[in-house]
Amino acid sequence: MGSLGIVFRKEIHEILRDRRTLIAIALAVLATPTVLFVISQVATRTATQTYTVGYSGDIPTGLDTLFGATGLKLERVDDPASAAKKQVDIGIVFTAAGIEEYYDPSRQSAQIADIRLQTILSRYDAAKIAASLQQKGVDPSVLNPLPVNLHPLSSPVKAAGNSFLSFFLPYILITMSLTGGLSAALDTSAGERERKTLESLLLTPAPRGQVLIGKILAVSLLSLVAAIAAIASMLIALSQISFGINGGEDARVSLTPLAATVMVWLAVLLAASFSSLTVALGTLARNFRQGQAYATPLYFITIFPASIILFIPDFNPSLAYYLIPILNAVLVLRDAIIHNSVSWGPLIVTSASLLLTGVLCFYAALRIFTREALLVRS
Amino acid sequence: MSPVAVKVDRLEKSLGPNKVLRGISFEAHSGEIFGLLGPNGAGKTTTLRVICTLLTPDAGAVEVLGFDTRSVPQEVRRRVGVVTAEFGVYPRLTARENIAYFAELSGVLDGEVGRRVDSVIERLDMGAFAKQRAETLSSGQKQKVAIARAIVHDPPVLMFDEPTSNLDVLASREIRQFMVESKSRGKCVIFSTHVLHDAERLCDRVTIIHQGRVVASGPTADVRGGFQDLEDSFLSLVEAVK
Numbered sequence: 001m002g003s004l005g006i007v008f009r010k011e012i013h014e015i016l017r018d019r020r021t022l023i024a025i026a027l028a029v030l031a032t033p034t035v036l037f038v039i040s041q042v043a044t045r046t047a048t049q050t051y052t053v054g055y056s057g058d059i060p061t062g063l064d065t066l067f068g069a070t071g072l073k074l075e076r077v078d079d080p081a082s083a084a085k086k087q088v089d090i091g092i093v094f095t096a097a098g099i100e101e102y103y104d105p106s107r108q109s110a111q112i113a114d115i116r117l118q119t120i121l122s123r124y125d126a127a128k129i130a131a132s133l134q135q136k137g138v139d140p141s142v143l144n145p146l147p148v149n150l151h152p153l154s155s156p157v158k159a160a161g162n163s164f165l166s167f168f169l170p171y172i173l174i175t176m177s178l179t180g181g182l183s184a185a186l187d188t189s190a191g192e193r194e195r196k197t198l199e200s201l202l203l204t205p206a207p208r209g210q211v212l213i214g215k216i217l218a219v220s221l222l223s224l225v226a227a228i229a230a231i232a233s234m235l236i237a238l239s240q241i242s243f244g245i246n247g248g249e250d251a252r253v254s255l256t257p258l259a260a261t262v263m264v265w266l267a268v269l270l271a272a273s274f275s276s277l278t279v280a281l282g283t284l285a286r287n288f289r290q291g292q293a294y295a296t297p298l299y300f301i302t303i304f305p306a307s308i309i310l311f312i313p314d315f316n317p318s319l320a321y322y323l324i325p326i327l328n329a330v331l332v333l334r335d336a337i338i339h340n341s342v343s344w345g346p347l348i349v350t351s352a353s354l355l356l357t358g359v360l361c362f363y364a365a366l367r368i369f370t371r372e373a374l375l376v377r378s
Numbered sequence: 001m002s003p004v005a006v007k008v009d010r011l012e013k014s015l016g017p018n019k020v021l022r023g024i025s026f027e028a029h030s031g032e033i034f035g036l037l038g039p040n041g042a043g044k045t046t047t048l049r050v051i052c053t054l055l056t057p058d059a060g061a062v063e064v065l066g067f068d069t070r071s072v073p074q075e076v077r078r079r080v081g082v083v084t085a086e087f088g089v090y091p092r093l094t095a096r097e098n099i100a101y102f103a104e105l106s107g108v109l110d111g112e113v114g115r116r117v118d119s120v121i122e123r124l125d126m127g128a129f130a131k132q133r134a135e136t137l138s139s140g141q142k143q144k145v146a147i148a149r150a151i152v153h154d155p156p157v158l159m160f161d162e163p164t165s166n167l168d169v170l171a172s173r174e175i176r177q178f179m180v181e182s183k184s185r186g187k188c189v190i191f192s193t194h195v196l197h198d199a200e201r202l203c204d205r206v207t208i209i210h211q212g213r214v215v216a217s218g219p220t221a222d223v224r225g226g227f228q229d230l231e232d233s234f235l236s237l238v239e240a241v242k
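In order, the protein sequence lines correspond to chains A and B. All the letters of the first sequence, read from the start, carry residue numbers 1 to 378 under our numbering. All the letters of the second sequence, read from the start, carry residue numbers 1 to 242 under our numbering.
Since the hints were derived computationally from the structure, they do not count as laboratory data. Any given hint could turn out to be false.
What the hints assert, rightly or not - The following label-pair restraints were derived from C-beta to C-beta distances:
hint	chain 1	residue 1	chain 2	residue 2	range
1	A	23	B	9	27 to 37 Å
2	B	227	A	9	49 to 59 Å
3	A	343	B	70	36 to 46 Å
4	B	9	A	304	41 to 51 Å
5	A	299	B	59	23 to 33 Å
6	A	296	B	227	49 to 59 Å
7	A	264	B	59	32 to 42 Å
What the hints assert, rightly or not - Here are the simulated lysine-lysine pairs, DSSO-like style, with alpha carbons at most 30 Å apart:
hint	chain 1	residue 1	chain 2	residue 2
8	B	131	A	85
9	A	73	A	136
10	B	19	A	196
11	A	73	A	86
12	B	131	A	196
13	B	7	B	19
14	A	73	A	85
Said to hold, decoys possible - Part of the chain A face toward chain B, derived, beta carbon under 10 Å:
hint	residue
15	1
16	199
17	205
18	211
19	213
Values in this document were obtained by computation on a predicted structure and should not be read as measured data. Quick reminder that beta carbons are idealized off the backbone N, C-alpha and C, glycines included.
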């Protein structure tokens, strides 16, 4: 076995015995399903919960039926304005002139109840006007001179799910590709110095380039496994969890085979690039703690591009944007998830950009690893 | 006299702005313990690091068994084993795995690794803790692991850089015994220390360096000269340089 294989095997061996790293990855893998479960519980509860409307005065005929059908419960109170502060979600007073509504915008339940109330009232108004027109012999369709028939080309619920995935999945992929192997990367670089094993390692006749590649490959493998495990756990959770019922269609999300393939390919490239980068930073550091300090800015550098989809969902950049590492992976993955298609141009540019980033980081790490200053400083 | 194993010729080396070595020359032979002596900061460790190819000389030349450290560093590394005071080990590997890792990286053939590792474990009496993780070992046991990994590829040149500075009396004695035993096996043992008492007892020949220059060199008894011990001789030489 060559030096590369010997180093790779030893690093994997050590990683598998490092409880700290394994527990951190396991927690990260379990965190996503846990968060999603909590979100789904809150979303389902919000969608199905009945809100209370405190009222006074006489309810117009037929309106009470609409309330019941929209998840609003009517409750007579003496003073709707004061009741809306705490006792009920919103308060309304039926008068001869109309309706006075009292609600506290700082309460989420009041906001939801208000939306439902507005929906009910607009339907009620429309129905009353239509009935009135009909009584006078006028066709109620005059109120709607340009009726619109919707023909969605894909399921709106599925589109909402894909939109959710297009933000969440790249975010998980990028953060896990970075953090999954970070501890191992620092351990195998800065840790060698801190443990005073670096000099002995460099004293062996093993070519330093091979030693470095062996280390980077081991860290890359760990990052890749961590990223894919986190995404797999997320997808499994999403396949089991429903985010409320929308028009009878269950809002479950899933990843198409094409998007999954693109994701794995990007995960390989990201893991290799991040591993080269973190090993290079770790090699610069004198100890594990200093390595962590060097790596901290990476969190911000990676999270910002991952978040761009959240802030600019319809961001459609030119091909040049795909040269920017990390952002390009987010964009390609977003397209694969939302449109279920991959454009070869962006994918090739993205792959080339990430490969080049990895090679440059490896070259930097090799330069540092072969400098005399590495030993003199330690 | 035995053949020359290590030849250092007018060696110069700067680390940053500091000129650490200013034309050091000496020869160490197979089958002897050669003492490289001097106060802290004299340039002993830098000299050893150049010999084992971790550092490149600015001027002068170093040969190990005829191999030039600049042109064929990997051939030199195959023939050198180094033990330092900093006996770092991989904590999550067992003592045996630590040694096997370095045996493999040093080019010991796959089929030979197990036998070689067993052999050094027996030689250094490490059987009781060979299967323990290194993180659970005592300082003395870790130092044995460090020695074992340095000799597992059976190098003809062994260098010890202040090997006893972090060890207790018993562990230090074992190191000294090991150096004597290696000498009897025909190895060239280079012993770098500032503990002159140890050097006087062990070394056949010594070179004293101070401020990057050789101030005395030769058989231990000759360097001691008319002084009561090597320490007095050393102090007189250092004072003379001032």
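Verification of the hints:
Distance hint check: the CB atoms of residue 23/A and residue 9/B are about 55 Å apart, inconsistent with the given range 27 to 37 Å. Evaluation of the 49 to 59 Å hint for residue 227/B and residue 9/A yields a pass: the beta carbon distance comes to about 55 Å. For the pair residue 343/A and residue 70/B, the supplied restraint of 36 to 46 Å is violated, since their beta-carbon distance comes to about 53 Å. At roughly 57 Å, the beta-carbon separation of residue 9/B and residue 304/A lies outside the given 41 to 51 Å, and the hint is violated.
Between residue 299/A and residue 59/B the CB atoms are about 47 Å apart, so this pair departs from the stated range of 23 to 33 Å. Against the hinted window of 49 to 59 Å, the Cβ-Cβ separation of residue 296/A and residue 227/B comes to about 58 Å, which satisfies the hint. Between residue 264/A and residue 59/B the beta carbons are some 54 Å apart, a value that contradicts the proposed interval 32 to 42 Å. For the suggested pair residue 131/B and residue 85/A, the alpha carbons sit about 70 Å apart, so the restraint of at most 30 Å is broken.
For the hint linking residue 73/A to residue 136/A, the alpha-carbon distance of about 34 Å lies beyond 30 Å, and the restraint is violated. Of the pairs offered as hints, the one joining residue 19/B and residue 196/A holds, with about 25 Å between alpha carbons and a cut-off of 30 Å not exceeded. For the proposed pair residue 73/A and residue 86/A, the alpha carbon gap of about 15 Å is at most 30 Å, so the pair holds. Pair hint residue 131/B plus residue 196/A holds up; C-alpha atoms about 21 Å apart against a cutoff of 30 Å.
The straight-line distance between the Cα atoms of residue 7/B and residue 19/B is roughly 21 Å, inside the 30 Å bound, and the hint therefore holds. Taking the CA atoms of residue 73/A and residue 85/A, the gap is near 17 Å; set against the 30 Å cutoff, the hint holds. At its closest, the beta carbon of residue 1/A sits 7 Å from a beta carbon of chain B; the interface hint therefore holds under the 10 Å criterion. With its C-beta approaching chain B no nearer than about 7 Å, residue 199/A sits inside the 10 Å limit, and its interface hint holds.
Below 10 Å, beta-carbon pairs count as interface contacts, and residue 205/A has one with chain B at about 4 Å; its hint therefore holds. Because the beta carbon of residue 211/A sits about 8 Å from the nearest beta carbon in chain B, less than 10 Å, this interface hint is met. With a least beta-carbon distance of about 14 Å to chain B, the hint placing residue 213/A at the interface is violated under the 10 Å criterion.
In summary, the numbered hints that this structure violates are 1, 3, 4, 5, 7, 8, 9, 19.
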